[in-house]
Amino acid sequence: MRVCIKYDSDFICRAVLKEQFEKLGIPFSIQSLGELEIDQNLSDEQREALATALKKYGIEIIDDPKMALVQRIKYAIDDMLEDDMARIQKISTYLADKLNYSYTYLSNLFSENTYTSIENFIILRKVDHAKELITNTDLTLTEIAFRLNYSSVAHLSGQFKKTTGLTPTAFQKIIEKRKQNSIHPA
Amino acid sequence: MNLNTLNTNVKILNVALADDDEDDRMLFREAIEEIAIQTKLSTFNNGQELMDYLTLPNILLPNLVFLDLNMPIKNGMQCLMEIRKNPMLNAMAVAIYSTSSSEKDVEQTFINGANIYINKPNDFRKLREAIEKVLQINWQYHTSNLNRDNFLYRI
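Note that the protein sequences, when read in sequence, are chains A and B. Residues in the first sequence are numbered from 1 upward in steps of one, following my numbering. Residues in the second sequence are numbered from 187 upward in steps of one, following my numbering.
Bound-form chain A, shown alone (with noise of 0.2 Å):
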């Protein structure tokens, strides 16, 4: 029997923390998500069970500041990616504004840490969108063009093939054949 499930990453990341840190009796707020405010200094015992807790999940605290203000940036984009009226500011003035730091300072720090450029990987995460939309959605490219807020099919279609290697007909097929073959790469 196979079960379709539909399901809200950032549903799931909010319910596991809750219980995590109720679990533990540390009271706690989320901020924004990847960023927490515990209103208590953590004993290194308290930390150390935290970290424990809630590696089982995948998730993990962050030590280094510089890696979240990169892990911050990238949540940024996806904020911005999803966001109707960020698309109009520059991305250099909306990272700027939102995390306080002038974009040349952003831009080296994350050019240092993840091997790519700010632009690089706005246009792998746009891409990624695509993916999922191609694969996941009935969507024509079209409509998935103007969706992501290309100016044209063949602009997704460029980006697409450059940043892959293929073209996203090509991409979907594969996906199709993966699907009957049961195949399913983690």
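Hints are computed from structural coordinates only; laboratory data are not their basis. Note that the coordinates shown come from a computational prediction; the quantities given were computed from them, not determined experimentally. We put the CB at the ideal spot given by N, CA and C, even for glycine. Watch out, some of these pointers could steer you wrong.
Below, computed lysine-lysine pairings styled on DSS-like, alpha-carbon distance capped at 25 Å [said to hold, decoys possible]:
id: 1; chain 1: B; residue 1: K319; chain 2: A; residue 2: K161
id: 2; chain 1: B; residue 1: K290; chain 2: A; residue 2: K179
id: 3; chain 1: B; residue 1: K319; chain 2: B; residue 2: K306
id: 4; chain 1: A; residue 1: K177; chain 2: B; residue 2: K271
Listed below are several chain A residues computed to face chain B (Cβ distance under 7 Å; list not exhaustive) [claimed, not checked]:
id: 5; residue: K74
id: 6; residue: Y115
id: 7; residue: I123
id: 8; residue: L124
id: 9; residue: T164
id: 10; residue: L166
id: 11; residue: T167
id: 12; residue: E176
id: 13; residue: K177
id: 14; residue: R178
id: 15; residue: K179
Could you slot chain B onto chain A? The hints should help.
Just chain B now, kept in the frame of chain A:
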């Protein structure tokens, strides 16, 4: 305090290569050592050696495996299929690294679960660039919230 659902603390990428050609293995090692992303490379002379290693108990699995397609005893396609059928190994990213540029080979490896297909370049600089690109892409999948089901690149 900052939380993340992915492992961002990996500093060294574990990489495995299975290739029956000694020169190719050596060039690969030289190329990967010149790249800024830090890696630990293990090499295997054919697919069987690789699979024997991967199925040993308590080993640290590679994050990324490069497979040559044409190898004696066990070829790259057989390894790929075994890796994708084994739940213990399925989380590894697989890059096919081959001289074949037949569209049929490319498509078939993708269908069988390869993440990346690279044509073996014939000069060292291009080889280094190709490996660097694979490592960079793989790095993004390791450290960002990208959908692994859609991890498909032809380089």
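Each hint tested on the structure:
1. B:K319 x A:K161: At roughly 15 Å apart (the allowed maximum being 25 Å), K161 of chain A and K319 of chain B satisfy the hint.
2. B:K290 x A:K179: holds, 18 Å
3. B:K319 x B:K306: holds, 13 Å
4. A:K177 x B:K271: Measuring from Cα to Cα gives roughly 16 Å; hence the hint holds.
5. K74: K74 of chain A check passes; min Cβ-Cβ to chain B is 6 Å, inside 7 Å.
6. Y115: Holds. Min distance 5 Å.
7. I123: violated, 11 Å
8. L124: holds, 6 Å
9. T164: holds, 5 Å
10. L166: holds, 5 Å
11. T167: violated, 10 Å
12. E176: violated, 9 Å
13. K177: holds, 5 Å
14. R178: holds, 6 Å
15. K179: Because about 10 Å separates K179 of chain A from the closest Cβ in chain B, which is outside the 7 Å limit, the hint is violated.
The structure does not agree with the numbered hints 7, 11, 12, 15 stated previously, though it agrees with the rest.
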